[in-house]
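Visitor: Here is what each chain is made of, one letter per residue.
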Amino acid sequence: MTLETAFAILLSATISGSLYAMMASGLSLVWGTLGVFNFAHGSLLLLAAYVAWTVGKVGGPAVQGPLAIAVMLAAMAVFGFLLYLTTVRPLIGRSNAELAVIISTISAMIIIRNVVQFAWGPLPKQVPALGSSSITVFGTVISSHQIVVILIGPLLLLGIAAFLKFARVGLAVRSVEQNPDAALLVGVNPQFIYALVFAASAVLAAIAGYLLAGIQFLTPDFGGDPLLKAFIVIVLGGLNSLLGAFVAAYVVGLIEALAIFFLGLFWAPVILFVVIIVVLLVRPQGLLGGAR
Amino acid sequence: MIQLARRRWSIAPIMAAVALALLVALPFVASPYLQGLAVVALLYATVAASWDITLGYTGLFNLAHIAFFGVGAYTSGILSVTFGVDPWLGVLAGAVGATATAAIVYLPVSRLRGIYVALITFAFTQLALRFVLSARELTGGQSGFTRIPPLRIGDVALVGGSPWSIYLAGGLLVLTVVVLRAFVRSDHGTALIALRDGELYAISRGISVLNIRLLAFVVSAVFTGAAGAVYTHYLGALTPGVLDFSLVTLLLSMVLVGGAATIYGPAAAALVLGVSIEWLGPIGPLRFVIVSLLVLLTVILFPSGVWGAIGRLQGEVRRRSRGNSQT
Chain A
64 MTLETAFAIL LSATISGSLY AMMASGLSLV WGTLGVFNFA HGSLLLLAAY
114 VAWTVGKVGG PAVQGPLAIA VMLAAMAVFG FLLYLTTVRP LIGRSNAELA
164 VIISTISAMI IIRNVVQFAW GPLPKQVPAL GSSSITVFGT VISSHQIVVI
214 LIGPLLLLGI AAFLKFARVG LAVRSVEQNP DAALLVGVNP QFIYALVFAA
264 SAVLAAIAGY LLAGIQFLTP DFGGDPLLKA FIVIVLGGLN SLLGAFVAAY
314 VVGLIEALAI FFLGLFWAPV ILFVVIIVVL LVRPQGLLGG AR
Chain B
850 MIQLARRRWS IAPIMAAVAL ALLVALPFVA SPYLQGLAVV ALLYATVAAS
900 WDITLGYTGL FNLAHIAFFG VGAYTSGILS VTFGVDPWLG VLAGAVGATA
950 TAAIVYLPVS RLRGIYVALI TFAFTQLALR FVLSARELTG GQSGFTRIPP
1000 LRIGDVALVG GSPWSIYLAG GLLVLTVVVL RAFVRSDHGT ALIALRDGEL
1050 YAISRGISVL NIRLLAFVVS AVFTGAAGAV YTHYLGALTP GVLDFSLVTL
1100 LLSMVLVGGA ATIYGPAAAA LVLGVSIEWL GPIGPLRFVI VSLLVLLTVI
1150 LFPSGVWGAI GRLQGEVRRR SRGNSQT
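Those sequence lines, one after another, are chains A and B. Note that the working numbering has the first sequence beginning at 64, numbered continuously upward. Note that the working numbering has the second sequence beginning at 850, numbered continuously upward.
I should point out that these hints are in silico values taken from the structure, not numbers from a laboratory. Heads up, some of the hints might be wrong.
Claimed, not checked - Sample of chain A residues facing chain B (criterion: CB under 7 Å; computed from the structure):
id	residue
1	S170
2	N177
3	F294
4	I297
5	V298
6	P332
7	P347
Glycine residues also receive a C-beta, built at the ideal position from the N, C-alpha and C atoms.
With the hints as constraints, model all of the structure from the sequences given.
Guide: Rendered as structure tokens:
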């Protein structure tokens, strides 16, 4: 393996890892606070990308870029809130909430996907990449869009961690996470925090969706693949630590890039599943040993 | 509770007799179109009743069940189209393939609990779909297979319009329900329920989590794989749609509406919902939106519900099974 191919593999792994980390962080944020898991997270990604595409299409070149992104983020925050109201809120507090929310969000996932297919049609669409410049490192061309993807993943995670640690609202989120009843006693409304966290995770999904749309064509199956990888990341890294998910995201990205390079696209799913089995058999506690 | 269990048993033979009579009469009274829908619905019923073993009795949120169906379908489809194997052997191979797949899926599942089981089994189904899509030489990729040879009895081909298609699908369902009921009422089934309702206590009484749950996975996969294979030969075509997650919501609606941990319930609901959904076929993928809304409403409106939907999944059954064990 030459230096060039090694670099190309690493680049591909970093880009994927960055996207997976963004998705996994949204999922684990909701899990940590609400104690439920949102299977419709991938559909949020899908919907966000289609909204961004539509805004760009309707407004023409003038609104592409920052304005389209702003509209998309706002729309997805609202949609995340609506999703919370319809699929999660009625079930929170029940003894079987964890199971019931799996079922309700799977339903939401199917509904969103089919409605998107119905509304926008099955033909592939393209969202313009961020910037058109590129640099060449070790014979590999890196576009400005790819650089943004690589940087935003870690930055977002740092941002979330800092927000939870230092901001007043972040403190409220952590208090609800630890003890919703006690949080209520000191004036924090858990229902409000739940809705806020759900909307925030939808915004995280939207960012990931927009970034992915600059790399891949947009089809109604768009959110499925990164969601799948985010699930694998979570199984390996655990839901309880952002750091675990972060490390696992890049590990999964690297394994995937290596498998595709050496064995082809064909075997990548098989290799990933074998890796999961081996890791779980050798280290049932996950990669970093986070409690689960 | 004990009375409830007894009453259930006294009506069971009558219900079974009525169901069998309906099945035998179906080809003579129903239109060919309805018969076609009924075959698919009967196969769905086999899959839904089998899923009840892992979902209802084991209490594990196993989302890989649809993959067992897909493995059965693809095993038999590939064997008969590419290798010219007799379709009946293909059905057998489909059942074996699905069973082996269940054993493999159980490897990581055995190390996980709660939400992680749902994640890993969801991931497995999606990975299987991706494999089928990319391994074109083997699976036909996106377009799949056409002209898959039908199952034959002598000179009669079991395709749409043949009463034997209904008898085959119906016979598979009856066999499935009889075997699964026997399984859940056996000592193994009791051990399975004990593990679900009081894992630590069950383990302390010498029940092996690993063996019993592996057995549950394997038992739930056998008939599911066979149903997948029969489905393929009946339709004569096979696409990656058999691994699509829309099917999961459909099957989930059957288990939820029918009542988990009963075997009969999901099978009965599957027949009603299966015929309805196939009848809605012309409106395309939007029918899955209707099914998903149905699932969503069932979860929200009937928490432990009219049909004991979700509550039974997690512990309501405890009381009934305790009643059963005392009789």
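Visitor: Please go over all the hints and tell whether each is borne out by the structure.
Guide: Structure-based check of all given hints:
1. S170: Cβ of S170 (chain A) sits 4 Å from chain B, so the hint holds.
2. N177: For N177 (chain A), the interface hint holds, since the closest Cβ of chain B sits about 5 Å away, which is under 7 Å.
3. F294: 5 Å, holds
4. I297: With Cβ-Cβ at 6 Å, under 7 Å, it holds.
5. V298: 5 Å, holds
6. P332: Nearest chain B Cβ about 4 Å off; hint holds.
7. P347: 4 Å, holds
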